[in-house]
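J.: The residues making up each chain are set out below.
There are 2 protein chains.
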Amino acid sequence: MGKLLIVGTVAFDEIETPFGKTDRILGGAATFIGLAASQFDVDSAIVSIVGEDMDQEHLDLLASKGIDLSGLEIVKGGKTFYWKGKYHNDLNSRDTLVTELNTLADFNPIVPNNFKDADVVMLGNLHPSVQMSVIDQMEKRPKLIILDTMNFWMDNALPELTDVIKHIDVITINDEEARQLTGEYSLVKAAEKIQTMGPKFVVIKKGEHGALLFHEDNVFFAPALPLEEVFDPTGAGDTFAGGFAGYVAATGNTSFNGLKNAVIHGSNLASFSVERFGTERMENLERHEVNKRLHQFKTLTQFDIELK
Amino acid sequence: MGKLLIVGTVAFDEIETPFGKTDRILGGAATFIGLAASQFDVDSAIVSIVGEDMDQEHLDLLASKGIDLSGLEIVKGGKTFYWKGKYHNDLNSRDTLVTELNTLADFNPIVPNNFKDADVVMLGNLHPSVQMSVIDQMEKRPKLIILDTMNFWMDNALPELTDVIKHIDVITINDEEARQLTGEYSLVKAAEKIQTMGPKFVVIKKGEHGALLFHEDNVFFAPALPLEEVFDPTGAGDTFAGGFAGYVAATGNTSFNGLKNAVIHGSNLASFSVERFGTERMENLERHEVNKRLHQFKTLTQFDIELK
Numbered sequence: 187m188g189k190l191l192i193v194g195t196v197a198f199d200e201i202e203t204p205f206g207k208t209d210r211i212l213g214g215a216a217t218f219i220g221l222a223a224s225q226f227d228v229d230s231a232i233v234s235i236v237g238e239d240m241d242q243e244h245l246d247l248l249a250s251k252g253i254d255l256s257g258l259e260i261v262k263g264g265k266t267f268y269w270k271g272k273y274h275n276d277l278n279s280r281d282t283l284v285t286e287l288n289t290l291a292d293f294n295p296i297v298p299n300n301f302k303d304a305d306v307v308m309l310g311n312l313h314p315s316v317q318m319s320v321i322d323q324m325e326k327r328p329k330l331i332i333l334d335t336m337n338f339w340m341d342n343a344l345p346e347l348t349d350v351i352k353h354i355d356v357i358t359i360n361d362e363e364a365r366q367l368t369g370e371y372s373l374v375k376a377a378e379k380i381q382t383m384g385p386k387f388v389v390i391k392k393g394e395h396g397a398l399l400f401h402e403d404n405v406f407f408a409p410a411l412p413l414e415e416v417f418d419p420t421g422a423g424d425t426f427a428g429g430f431a432g433y434v435a436a437t438g439n440t441s442f443n444g445l446k447n448a449v450i451h452g453s454n455l456a457s458f459s460v461e462r463f464g465t466e467r468m469e470n471l472e473r474h475e476v477n478k479r480l481h482q483f484k485t486l487t488q489f490d491i492e493l494k
Numbered sequence: 187m188g189k190l191l192i193v194g195t196v197a198f199d200e201i202e203t204p205f206g207k208t209d210r211i212l213g214g215a216a217t218f219i220g221l222a223a224s225q226f227d228v229d230s231a232i233v234s235i236v237g238e239d240m241d242q243e244h245l246d247l248l249a250s251k252g253i254d255l256s257g258l259e260i261v262k263g264g265k266t267f268y269w270k271g272k273y274h275n276d277l278n279s280r281d282t283l284v285t286e287l288n289t290l291a292d293f294n295p296i297v298p299n300n301f302k303d304a305d306v307v308m309l310g311n312l313h314p315s316v317q318m319s320v321i322d323q324m325e326k327r328p329k330l331i332i333l334d335t336m337n338f339w340m341d342n343a344l345p346e347l348t349d350v351i352k353h354i355d356v357i358t359i360n361d362e363e364a365r366q367l368t369g370e371y372s373l374v375k376a377a378e379k380i381q382t383m384g385p386k387f388v389v390i391k392k393g394e395h396g397a398l399l400f401h402e403d404n405v406f407f408a409p410a411l412p413l414e415e416v417f418d419p420t421g422a423g424d425t426f427a428g429g430f431a432g433y434v435a436a437t438g439n440t441s442f443n444g445l446k447n448a449v450i451h452g453s454n455l456a457s458f459s460v461e462r463f464g465t466e467r468m469e470n471l472e473r474h475e476v477n478k479r480l481h482q483f484k485t486l487t488q489f490d491i492e493l494k
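Each protein sequence line maps, in turn, to chains L and D. Here our numbering is used: the first residue of the first sequence is 187, the next is one more, and so on. Here our numbering is used: the first residue of the second sequence is 187, the next is one more, and so on.
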């Protein structure tokens, strides 16, 4: 059982999709990552910050999944990071209606002593300087440091982003962001270029079109499971990352083959996350459901052609 | 060695992409289908129509691939179907600059007697009434009838399209067209609905995002091979269809497993087609190159997770 350190937001989301809308519900990258990773035999901790308005029942939920919350700072009188968004009809694009950073504006992550030797560090999408400060606190080099980021930091903190990605092993990024970061339209070329910037592994997320894993001359592709209904894509990318990181932490396998399996597990868990609003589907997801869907993933992609 | 009957356009294309432009070059659905199918041990024929302006060297090229051209009508004094288009920078969309139907406007396909017992019929994108007249000429029910179509016929000949698809086994269609035909956004639901309209198999082409094969409760997915450069997407869908149809004709295997392999072979050949303008890459494509890339397809998608 490996140790997984998760750094990212624990937040309130308010979501509208073509299928309905929510009040303020539990959200945030670290939340989705933690719930997904809890499907594996890992010893995990979340480092994050919330306000006094965060409901105890949400924190109890995370704790009930075996997630160490000693690195979760609760700011007296503070308010939790809040995001409100509305998805368009195709669910592939969305408008952000409100973003309130609140306590997140002053987030200064403190890694708990008992996780300074974590095997895997999963850095959720945050300011790259915040991500860097976590790496600096580690007492030994983790087996795998995974970093998620987005175009906002390329626009607003590119030097800091360029710096932190020198120190990581895996970057997860979407196709448009990979193009923006490298100026290459071809994802093959973009992934090659990113590997020269630091990470040995590049995961390019394409949403409903699946995910690609690049490493040296190797490429692996995992589709998204075709679903009858996608209800709410919020958190799908973080659930993918949590499944990916959780699998690696549980197995300790950081080879290309190990990370291939991690991509499949991440895609598999993300396919559940989108079936309900927010974290609803992930809160009570059972191991037998996960295993059943892994079989579907296998039949979806495996073929048997005699090669010459 | 099975018999494959191919019905579709033999045409002139004039293409502009971000990487350059061509004069009038050989194009047309039947051309790409025939070239792709010639990678397999099939006895194939093209039924089509051209004008007197069609170059003999182009016809010689097709004949050199073992394609029977006795069903190719050459109209004296007539002009060949001509399409001119320009691709946008991302190569995912294009503008049609000129379409001249010419002889295609009066196309009345006559199936040669020696192909009225073809094992596989591949109906390229044409007016659905023209596609239907080919089915009507067959002397025995082919093992597999595959039909390609597009949104233009949904807009302009929906009753005829609805009629012909009652008589076919496999429809190939892109994602947007599947949605338009059924009114369902979810591709899973769209494919279910299309199966109630006639075809037992539904192939949904997603271009650079791969292709899905649906049959009853089964789904199979083949990615497009991630390429360093895509040069010219013209004919990629027809090359896919030609590889699909050619494989089925060569093996006679119309089971779901057989069609899974057909999808892989089609995707594999399409990955070559887009590397050069028009038919250039397909004209001299060698078996060892095809086999090598099949290995890449396998490593791209195959994984080994122990399932419980």
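A few of these clues could be false.
Same chains, same label: a pair holds when it works inside one copy or across any pair of copies.
Said to hold, decoys possible - Computed list of lysine-lysine pairs in DSSO-like fashion (alpha-carbon distance at most 27 Å, straight line):
#	residue 1	residue 2
1	Lys-302	Lys-392
2	Lys-478	Lys-326
3	Lys-392	Lys-484
4	Lys-392	Lys-375
5	Lys-386	Lys-375
6	Lys-207	Lys-262
7	Lys-189	Lys-272
8	Lys-272	Lys-478
9	Lys-484	Lys-207
10	Lys-478	Lys-379
11	Lys-272	Lys-379
12	Lys-270	Lys-352
13	Lys-265	Lys-189
14	Lys-265	Lys-251
15	Lys-302	Lys-189
16	Lys-484	Lys-262
17	Lys-262	Lys-329
Keep in mind that the hints were calculated from the coordinates and are not lab data.
J.: Check each numbered hint against the structure and report the violated ones by number, ascending.
T.: 1, 2, 6, 7, 8, 9, 11, 12, 13, 16 and 17
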